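If you want the building blocks of each chain, they are given just below.
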Amino acid sequence: MAQITLKNLAHSYLAHPRSEADYALKEMDHVWQDGGAYALLGSSGCGKTTLLNIISGLLTPSHGRVLFGDRDVTAAPTAERNIAQVFQFPVVYDTMTVRDNLAFPLKNRGKDAAYIKARVDQIARMIGMEARLDRKAQGLTADAKQKISLGRGMVREDVNAILFDEPLTVIDPHMKWELRTQLKQLHRQFGHTMIYVTHDQTEALTFAQKVVVMYEGRVVQMGTPEELFEKPAHTFVGYFIGSPGMNFLDAEVRGDRALLPGGEVVALGAHYAPAAGRVQIGIRPEHATLVAGGGLPLTIRRIEDVGRHRLVRGEVTGLPLNVVMPEGMPVDGLPQVAFAPDKINVYADDWRVAPEREGAA
Amino acid sequence: MEKTQNNRAWLLVLPVLVVVAFSAVIPLMTVVNYSVNDTFGNNAFFWAGLEWFDEMVHSRRLHEALGRQALFSAIILAIEVPLGIFVALNMPKKGFWSSLVLVLMALPLLIPFNVVGTIWQIFGRTDIGLLGHTLKALGLDYNYTNDPLDAWITVIVMDVWHWTSLVALLCYAGLQSIPQAYYQAARIDQASRWAVFRHIELPKMKGVLLIAVLLRFMDSFMIYTEPFVVTGGGPGNSTTFLSIDLVKMAVGQFDLGPAAAFSIMYFLVILLVSWVFYTVMTNIDRSQSDIPEAM
Numbered sequence: 000m001a002q003i004t005l006k007n008l009a010h011s012y013l014a015h016p017r018s019e020a021d022y023a024l025k026e027m028d029h030v031w032q033d034g035g036a037y038a039l040l041g042s043s044g045c046g047k048t049t050l051l052n053i054i055s056g057l058l059t060p061s062h063g064r065v066l067f068g069d070r071d072v073t074a075a076p077t078a079e080r081n082i083a084q085v086f087q088f089p090v091v092y093d094t095m096t097v098r099d100n101l102a103f104p105l106k107n108r109g110k111d112a113a114y115i116k117a118r119v120d121q122i123a124r125m126i127g128m129e130a131r132l133d134r135k136a137q138g139l140t141a142d143a144k145q146k147i148s149l150g151r152g153m154v155r156e157d158v159n160a161i162l163f164d165e166p167l168t169v170i171d172p173h174m175k176w177e178l179r180t181q182l183k184q185l186h187r188q189f190g191h192t193m194i195y196v197t198h199d200q201t202e203a204l205t206f207a208q209k210v211v212v213m214y215e216g217r218v219v220q221m222g223t224p225e226e227l228f229e230k231p232a233h234t235f236v237g238y239f240i241g242s243p244g245m246n247f248l249d250a251e252v253r254g255d256r257a258l259l260p261g262g263e264v265v266a267l268g269a270h271y272a273p274a275a276g277r278v279q280i281g282i283r284p285e286h287a288t289l290v291a292g293g294g295l296p297l298t299i300r301r302i303e304d305v306g307r308h309r310l311v312r313g314e315v316t317g318l319p320l321n322v323v324m325p326e327g328m329p330v331d332g333l334p335q336v337a338f339a340p341d342k343i344n345v346y347a348d349d350w351r352v353a354p355e356r357e358g359a360a
Numbered sequence: 000m001e002k003t004q005n006n007r008a009w010l011l012v013l014p015v016l017v018v019v020a021f022s023a024v025i026p027l028m029t030v031v032n033y034s035v036n037d038t039f040g041n042n043a044f045f046w047a048g049l050e051w052f053d054e055m056v057h058s059r060r061l062h063e064a065l066g067r068q069a070l071f072s073a074i075i076l077a078i079e080v081p082l083g084i085f086v087a088l089n090m091p092k093k094g095f096w097s098s099l100v101l102v103l104m105a106l107p108l109l110i111p112f113n114v115v116g117t118i119w120q121i122f123g124r125t126d127i128g129l130l131g132h133t134l135k136a137l138g139l140d141y142n143y144t145n146d147p148l149d150a151w152i153t154v155i156v157m158d159v160w161h162w163t164s165l166v167a168l169l170c171y172a173g174l175q176s177i178p179q180a181y182y183q184a185a186r187i188d189q190a191s192r193w194a195v196f197r198h199i200e201l202p203k204m205k206g207v208l209l210i211a212v213l214l215r216f217m218d219s220f221m222i223y224t225e226p227f228v229v230t231g232g233g234p235g236n237s238t239t240f241l242s243i244d245l246v247k248m249a250v251g252q253f254d255l256g257p258a259a260a261f262s263i264m265y266f267l268v269i270l271l272v273s274w275v276f277y278t279v280m281t282n283i284d285r286s287q288s289d290i291p292e293a294m
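Residue numbers (numbering that gives the first Met the number 0), protein chains in the order written: chain A, 0 to 360; chain B, 0 to 294.
Chain A extracted, bound-state conformation:
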């Protein structure tokens, strides 16, 4: 097990990248703690899988270095890195039995038979395939095959890290939850470093201690689920995390006040230095509320009942704005919307601006 360090890492699939746009992975510097459970979150094509394959050694980065502990493994082949990886689509060896599939990584590393048997039985119990250990993997359903893939990924105890590349895509929803719980349990039990790639925020937020959000080949934020929710470092994080995502309003920020284009004033919970570029304020729908007066005029377009709360979709000064109203709260006769000042974040050119000092002046 080891801490994984990415130093000035960047990757381009082109032989001679000219501009930044040619890079699938923009330059990054990160340290992944030993024994951490990380989720790599982002929309399709943002470089998640590229980053994962660089860590596992299936891909050699065009720039920068990868370190496991103190050892530079940038050029080391996959086998030397002692990494397990589970892929998006099930990879099983069709001609082998389920047992042989699970034992395969151990056999290839020359472990003794008694150890292999004990370990395979343990893993089989975990993925619920004990009864089917001695049948061929061929002809199993996709989720059974993916469970075998997961099992093969976890069968080695001494791995440096286990990488998961959207492993639950083909699994039924109820099994997803179960397997994710098992993965978490496994993480607590063995303390492997786990990196879990997904584009599903629920999966990321429930699995990981730290979520790494990627956007257009860049890591835009690495933080706890709470940090991502409360203080998104980039408008993409605000938009991507949460359902619905954060509301953004163009504004002019002066000290602890934000001026909307229509002349409305919003109180901010902190004092900000003047920012350059396109300035926006961001507020979570959960931190906005409908009020009778003293807020911003809201034109309600639609109200959706989503069970535990109601989602109010409306417009403020012509810009779309969502409000989450807890169950039981009245919606009628409240023509304005107010924000919790300390929950408002300020963004300049999509990046979060840290306040000069906390608290209103």
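In case anyone wonders, no lab produced these hints; they're calculated from the structure. All values reported here derive from a predicted model rather than from experimental measurement. From the three backbone atoms N, C-alpha and C, an ideal C-beta is built for every residue, glycine too. Do not take every clue at face value.
To be verified - Pair ranges (Cβ atoms, derived):
id: 1; chain 1: A; residue 1: ALA78; chain 2: B; residue 2: PHE276; range: 36 to 46 Å
id: 2; chain 1: B; residue 1: LEU99; chain 2: A; residue 2: LYS116; range: 47 to 57 Å
id: 3; chain 1: B; residue 1: TRP9; chain 2: A; residue 2: HIS173; range: 44 to 54 Å
id: 4; chain 1: B; residue 1: GLY235; chain 2: A; residue 2: ALA78; range: 57 to 67 Å
id: 5; chain 1: A; residue 1: GLU314; chain 2: B; residue 2: LYS92; range: 47 to 57 Å
id: 6; chain 1: B; residue 1: VAL102; chain 2: A; residue 2: GLU303; range: 55 to 65 Å
id: 7; chain 1: B; residue 1: SER191; chain 2: A; residue 2: ASN7; range: 29 to 39 Å
id: 8; chain 1: B; residue 1: SER191; chain 2: A; residue 2: LEU132; range: 17 to 27 Å
id: 9; chain 1: A; residue 1: LYS116; chain 2: B; residue 2: MET221; range: 46 to 56 Å
id: 10; chain 1: B; residue 1: PHE276; chain 2: A; residue 2: THR140; range: 23 to 33 Å
As the list claims (entries may be wrong) - The calculated lysine-lysine pairs, modelled on DSS-like cross-linking and capped at a C-alpha distance of 30 Å, are:
id: 11; chain 1: B; residue 1: LYS203; chain 2: A; residue 2: LYS110
id: 12; chain 1: A; residue 1: LYS106; chain 2: B; residue 2: LYS205
id: 13; chain 1: A; residue 1: LYS25; chain 2: B; residue 2: LYS92
id: 14; chain 1: A; residue 1: LYS116; chain 2: B; residue 2: LYS203
Knowing the structure of chain A, use the given hints to seat chain B on it.
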């Protein structure tokens, strides 16, 4: 639910029936007719029953040709299938070289059979042929027109040259369809090259290999043109395969009855062996996965 009755369906099937009748049923029935009659031309037929079949089943000439034919097909398959797989595994997977190699591999398949025969007939000649002359210059006593072994070697090498590409291209297509993740998983699992071949590539190639084996078996079992052009079935009868013998019998000797009986048995043998190949190959590895999935 009430079953729909509509006799117009027969009308729609009619064109197919007509085409199949003229392309397969009627010619085949003509052969059947010849096989149970004796004829001296002029459309005069004398009922012969199963006499020709009886004669052919006990014909030493046919037994020998069948033996040669089986040996030839066995050798061809034993060489071309492993060689084709080996070539496919080593073909470039993408880029300019893969296109170039694909074109080069396809070339032998595009040459007409009699031209292939002619090429090798000249190629192997000791006086003007590059191969024959070179072997002679090296001090080897090579002469495919006199020596049965040399004739066999020439015919087999020619067939390997002509048809290995087909096996290789089919296998290549099978290999190309394997998702990259399988190879990546194998690298993660530290699988050896042999294990990758045995557990990933070979199972994924099974389907195309079945087609390759069937095609190569049927084609080699029916081979006529190439050996006929190169050796004419000789020296002696040493390279007289079933088709060559059949043509000699039917066209050369005009023994239409025996030849017809021969063709029918020939057809049944090919059908039977193909069926055996198909059954065996589709049942490999299936024995244990037939247990239905209880989910």
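Taking the numbered hints from earlier one at a time, note which ones the structure violates and give those numbers from smallest to largest.
none
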